[in-house]
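**Student:** Each chain, letter by letter, is given below.
There are 4 protein chains.
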Amino acid sequence: MGMVGGGIDSFIGEVHRMAARLDNQIELICGALSSTEERSLQSGKILGLNPERIYRSYHEMINKEVTANYIPSMAFVSIVTPNHLHYQPARLALESGFHVMVDKPLTHSVEEAYNLRQVVKATGKLFGITYTYAGYPMVKEARYLISNDTFGKIRKVNVDYPQGWLTRNIESEKQKQASWRVDPAKSGKGGAMGDIGTHVENIIHYTTGLEIEELCADLSSRYNRKLDDDASILLRFTNGASGSVRASQVLSGEENSLKISVYGENGSLEWSHTDPNSLILKWIDKPTQVYKAGAEKSYLSRAAKNNMRLPSGHPEGFIEAFANIYRNFAYAIKSVEAGKSPDLENFDFPGIEDGLRGMVFIETVVASSNAGCKWKKFEIK
Amino acid sequence: MGMVGGGIDSFIGEVHRMAARLDNQIELICGALSSTEERSLQSGKILGLNPERIYRSYHEMINKEVTANYIPSMAFVSIVTPNHLHYQPARLALESGFHVMVDKPLTHSVEEAYNLRQVVKATGKLFGITYTYAGYPMVKEARYLISNDTFGKIRKVNVDYPQGWLTRNIESEKQKQASWRVDPAKSGKGGAMGDIGTHVENIIHYTTGLEIEELCADLSSRYNRKLDDDASILLRFTNGASGSVRASQVLSGEENSLKISVYGENGSLEWSHTDPNSLILKWIDKPTQVYKAGAEKSYLSRAAKNNMRLPSGHPEGFIEAFANIYRNFAYAIKSVEAGKSPDLENFDFPGIEDGLRGMVFIETVVASSNAGCKWKKFEIK
Amino acid sequence: MGMVGGGIDSFIGEVHRMAARLDNQIELICGALSSTEERSLQSGKILGLNPERIYRSYHEMINKEVTANYIPSMAFVSIVTPNHLHYQPARLALESGFHVMVDKPLTHSVEEAYNLRQVVKATGKLFGITYTYAGYPMVKEARYLISNDTFGKIRKVNVDYPQGWLTRNIESEKQKQASWRVDPAKSGKGGAMGDIGTHVENIIHYTTGLEIEELCADLSSRYNRKLDDDASILLRFTNGASGSVRASQVLSGEENSLKISVYGENGSLEWSHTDPNSLILKWIDKPTQVYKAGAEKSYLSRAAKNNMRLPSGHPEGFIEAFANIYRNFAYAIKSVEAGKSPDLENFDFPGIEDGLRGMVFIETVVASSNAGCKWKKFEIK
Amino acid sequence: MGMVGGGIDSFIGEVHRMAARLDNQIELICGALSSTEERSLQSGKILGLNPERIYRSYHEMINKEVTANYIPSMAFVSIVTPNHLHYQPARLALESGFHVMVDKPLTHSVEEAYNLRQVVKATGKLFGITYTYAGYPMVKEARYLISNDTFGKIRKVNVDYPQGWLTRNIESEKQKQASWRVDPAKSGKGGAMGDIGTHVENIIHYTTGLEIEELCADLSSRYNRKLDDDASILLRFTNGASGSVRASQVLSGEENSLKISVYGENGSLEWSHTDPNSLILKWIDKPTQVYKAGAEKSYLSRAAKNNMRLPSGHPEGFIEAFANIYRNFAYAIKSVEAGKSPDLENFDFPGIEDGLRGMVFIETVVASSNAGCKWKKFEIK
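Chains as they are written, first to last, in the numbering used here: chain A, 1397 to 1777; chain B, 1397 to 1777; chain C, 1397 to 1777; chain D, 1397 to 1777.
Mixed in with the good hints, there may be bad ones.
In this list, chains with the same sequence are indistinguishable; a pair is considered to hold if it fits within one copy or across any two.
Said to hold, decoys possible - Calculated lysine to aspartate or glutamate pairs in the EDC-like style (CA-CA distance at most 16 Å, straight line): (1) K1701 to D1681; (2) K1682 to E1661; (3) K1572 to E1692; (4) K1460 to E1448; (5) K1688 to D1671; (6) K1693 to D1681; (7) K1770 to E1610.
In short, the hints are calculated from the structure, not lab data.
Go ahead and model the full structure; you've got the sequences and the hints to work with.
**Tutor:** Okay, structure coming up:
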């Protein structure tokens, strides 16, 4: 793969690289790793890239890689820049014949998202987006159980995503991540919503398959931030279920404890990022069950087990979940290049529709809040 | 004490009696224990009451006890009937010179609540209400820490109160508790809101002292219930903090896991009824702390330790929390009867203002939801 | 009941009284509450006893109560003195026609224990001992499940009982509890073994029914204590199973977290005092199950549910477990006095054989350790 | 690196490869991956090795790599064969000038271990052993805190390592892992002791630095296994502390929950593999503290933070801990090859002495148990 963004002082770039590397399916062979030429070169050198394939810009990288006959050739582009720099390189890569993986959220604006969907459809290339939590095997198990009607009709979905890293005004201290996250020119309309709100929307849709009918959002921010750093959101789904979301980056002492609870008529499940290798099933008048990750567990679905590397009691974590997305994307590329359909049931990854849904979520939430916390329809064209 | 309601097939009546009995400060000496004469007599007999002091109605009990010179005399009346039967006996008892303890919510309607406040003021008698969670020592510790500005200005309060006992339509099977809880004639305007919503409002106010400025509620119900069985509520407080509440009785597999998280600018705390003897404090870039209940712990506040009976590692639970309210009420009566001020800092209990606030909460929440989930001011006259 | 020991500055005396009181089956009507006359009288007064029935010694109490025709009469004696003062009052009470409840361990020495067994047999009176953990409903559920062969043949039993209250040399500061616990003249041959070791032996036998064949103990102590404050013990059972025990009172920062794990050929269970209302069942290649206490749970055994007062999610704790022992003892007395057999399957309590087994455990453990940590047979005559 | 063993149907070989790969410091470039020629070739092919560098035996590999001038050259050999096949390839590699990493336990016998130590000393090459748990950052934090006398003199060390995978007689079903683990010809004198007992010994020594003085072990096995599948062990350390170990592979329903508790005079710590990113500190009369992993935490030691990749709340797991050992080994090789001393304080890995200690542990434990569970001195020549 070739990488756009993710220079050596980037947090998420290195996560993408570890994830891509873990399963020996993907090799980083070229990159335009930073917005400044010097840092691009330096980063590529540190990563041990062939000097010829360290580029000063994504244009240069894509244009060169499409024509030069490097072996191995670049099969796909991974885009890990801030949000405002997703659309253009993604579009160029797709139109130049490359598959594309992009960090979430999909784009800077919902318009870009609709346009990108068009490009994906038109080019027919594979497109992935790193909604990390969809890569966790026990989240896949949750999805499997719900889709098999284990709990009866779903009534309620509650999600909490508490973080604390913006509790203080760290952007005033030039903290790199904070600086662009709070800047609309780089992040888009959503602050916390773009960063963690889209993860919430994705895990809800991924596990339950429910469609949001309308929502009512109360966003707020501190320190004269122009974008939200905190949100409480009420949801109504098209099947009649309701839901409630809390997503915040200003909760002192919180780390990154995404938690989802899904309640059906007969039972419920709970998954929390603080114990990602467990899945709790609660029942009316039956003992609670705890499903545990483990490649040897016969009671788990294949969808879950195909995304585990270790036997039970050997914890896999964030990097492994991330790696599942990359590995499955690589499998799909191999299938497609061999003229076969990818096996997306066993080796799935989030795609362009998921990315678009996240962008619509951001914009709907912001619109609801700006209207004084009024119900807004959630509509995807 | 004398008891109104709480016959032998009642759940909460027996809890009140165990709680009153535990600390050897209170003796049940008379009662009008049921709405039917026969069951009143039978219940009184089983409880070993003096047959002369088993009454057929609260009128009879209060009128007789005020004139007869029984020894020991009745010092206060405990009212544990369904909501629609709180106001009249409370009023009669107060006006007859007795102190009063009542189960929550305070009354059937907010009008009754305002009236009762008038009666309490006019008679000068002591008035208590069994918001159980305010009786837990680690909830008192939370209150102490917040009131001492441990966490800086409070920004956010999140509360979850998930239950599952109304998941199925058990009122159709004549389950006694369910039957009156879903009946507006007995419960008032709130279903889950009257039952558990008032606990949520109370624990927020009790621990943080914050005043709700306005709220936006999304209530729903199943099985053609006339009252809510589920709620998601957004809160805004007068100090600028915001909050979010989930309270539901239709979450399959949930039991009774009230949980509150309070976030200040510098740190936060978390208390959960699933582990009531711990209090978790989270900090920005300092280790998380877990405060543990234990009568010998020097680091705990007196307010907490005065409401513990056992050393650390010996769990106290629901009955002990309930008993703290009764015991402290008994202490207050003794002080007052000895002409002294009760020591409400060390031995506090919820009172008439707490009860009134709960009723305003119910009505505001219902009004917001009926208006299509609109923001409504939370106003206490 | 009448109480021997347990004056107002005693920890365990008040626990016994709360436990006895909770379920309205037992009234404290007389006592010889302290070893000093003055404190006995003062304690009795504070507890509101009839002044005539406050005694200066257990002799006086038992002799007087057996002849005077007080109403209500004393049905049983509760003995809550230090260990060296159990045997004499227990014997006198039994021989005077009273039932007896005694705090653990049974006696000061194993010889006294054998003698007391003789007296119990000879008099035919009811005898109880407050092994608290046997009063927990989920411990009763564990016993029920194991006795119904839920897990196959038992292979292994591991128990930890960590405490930290003797971490420092608090007896040098005259801490009352510590002073007698470390004194062989009052405690007997066991220090931590007498205090918490006997609880461990009891919970193993109570839940599994296994008989210890032999054991190998490594005891130690600090601060020139004459009795053990720490033990590690290996166990072999007559059925071929093995086990391991850790019981210590010098583990800094530990509170009172008794935990038992029982492993059968097909599955296992785990109960911990830190979450006493749950029972965890683990299986080979099936999801873990968590049984939750709750009077309404249909899947729990009657033995467990008969010892719960509250629905699920309303935690009961140490006092309630203790109270189960007292209440069941009271039920048994009532049955016996009505000429019926007590229903010990549904309303059980530990008795003289359990007490004796605990004493043999203490002496065997001490003998093994004194012999240089050698295997010793565990033999009850 | 070149790999000996770890063909594609091996569990631990793939773990080593993922771990080696994760941090982009190590590339697998050659291998003798199986004991059968065919599988070696097939495995090498699947792993994408240069066909010339896929070898039929470790002799061939080492001899060839030492003479051929491949670029990149092989810097070290990773040995992931069953225990009986560690010594010979390790010796040959060292004597041929290569650094060596070996899976634990070090060798098949303690004699081999002493010999290997000689070879390491004589050759001066770097030597590592994958005691995985020493790679966990919070285990490193534990070590840092203890070595800085955070808890006062250490009194007690308790470790549990429960597994259940040998609960049934799966070797009779030809399960590959089980078959060699229960075979003395391949495993050596220890069964569970060789597999998980050595991990226990290592984590104790690694975190506390304590030296075992003597031990008393009770080993047992089922199904006529020739090697232990279960152990309870008492420990005495040279500083006067004592300890207790449980390590078993026949505990139904257990997975892999290694847990260590270390008690000092002033406080204690607890680390459990079920929540590897937390470290619990307990204190006498101060709140419990929970240290959380997170690369941004200022309160953590450098030793811990240097072995984390992600910010708090992003769980790292088994593979990352394993990878820390490989990465630090690679750093040390680079330092050494650059003529510098490796920075073993910040980037440590277990070495030959740790491996030897583990072998002495196995043999001492087995000797103690065979002597009827007698105390045996723990002596390293």
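**Student:** It remains to establish, for every hint, whether it holds in the given structure.
**Tutor:** For each hint, the structure was consulted:
| no. | hint | in the structure |
| --- | --- | --- |
| 1 | K1701 to D1681 | between (29 Å within a copy, 14 Å between copies) |
| 2 | K1682 to E1661 | within (14 Å within a copy, 24 Å between copies) |
| 3 | K1572 to E1692 | between (42 Å within a copy, 14 Å between copies) |
| 4 | K1460 to E1448 | within (10 Å within a copy, 32 Å between copies) |
| 5 | K1688 to D1671 | both (10 Å within a copy, 14 Å between copies) |
| 6 | K1693 to D1681 | between (25 Å within a copy, 6 Å between copies) |
| 7 | K1770 to E1610 | both (10 Å within a copy, 15 Å between copies) |
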